[in-house]
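Asks: Residue-level listing of the chains:
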Amino acid sequence: DGGITQSPKYLFRKEGQNVTLSCEQNLNHDAMYWYRQDPGQGLRLIYYSQIVNDFQKGDIAEGYSVSREKKESFPLTVTSAQKNPTAFYLCASSPAGTGLGETQYFGPGTRLLVL
Amino acid sequence: GQNIDQPTEMTATEGAIVQINCTYQTSGFNGLFWYQQHAGEAPTFLSYNVLDGLEEKGRFSSFLSRSKGYSYLLLKELQMKDSASYLCAAKSTGFQKLVFGTGTRLLVSP
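Quick mapping for you: the protein sequence lines, in order, are chains D and U. In this text, residue positions in the first sequence follow this note's numbering: the first is 87, and each later residue adds one. In this text, residue positions in the second sequence follow this note's numbering: the first is 46, and each later residue adds one.
Partial selection, computed: residues in chain D whose CB lies under 10 angstroms from chain U:
#1 TYR121
#2 LEU176
#3 CYS177
#4 GLY195
Restraint ranges, calculated between C-beta atoms of paired labels, are given here:
#5 D:ASN104 to U:LYS121: 43 to 51 angstroms
#6 D:LEU113 to U:LYS102: 18 to 26 angstroms
#7 D:LEU201 to U:GLY85: 19 to 27 angstroms
#8 U:GLN124 to D:LYS95: 24 to 32 angstroms
#9 U:THR56 to D:ASN104: 40 to 48 angstroms
#10 U:SER112 to D:ASN104: 46 to 54 angstroms
Among the chain D residues that face chain U by a calculated CB cut under 7 angstroms, a handful are:
#11 GLN127
#12 GLY128
#13 LEU129
#14 THR189
#15 PHE192
#16 PRO194
These are calculated hints, taken from the structure and not from any lab test. Each residue gets a CB set at the ideal place from its N, CA and C atoms; glycine is no exception.
This is chain D alone, in the form it adopts within the complex (with noise of 0.2 angstroms):
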């Protein structure tokens, strides 16, 4: 049963903590991004991968990072440096085509919330 997961449902953090997000999705995909979603706004890019052991920053990368060591799986950390990171967090992956096989597809999310 192919797909992406990710885990926690829900993740509190506290003042100054890191916390890590889990993403894995076992549909051979070889990109995988992190999106962050918050109300009223369009989903935002923090980073992607198209490749094992590579990564770029999207468009809000400040206070995040990721590593890609498995194709598998792409972890995202929210650091203490991000301010707000109170937010619906959702993973996708991608196969490597083009036009209709760019298509991303997502996992059930995760939400993040301060305390």
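Fit chain U to the known structure of chain D by using the hints.
Replies: Relative to the frame of chain D, chain U by itself:
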């Protein structure tokens, strides 16, 4: 610059037809995606257009005019379960990076 515009909210009645418009400006253009997102859930893929014209898929159709930077999503025979946000996303040339609009929240009433 890159910009996607779509209405914030729309309402419609069960059984009716609704058209959700989207205009876009991107540095290069290589496709337009529509996603459906129910509250608190992940976006799910609905349609993709790269050439001008209408793509039909059951009750949902999507149209693209590249010269006008314009797309719409047409939903027919509306059902209560169609109440959701509909996200328009444009892909610029180069790597698979999408620019998303803020989404249109559709409320279907009985």
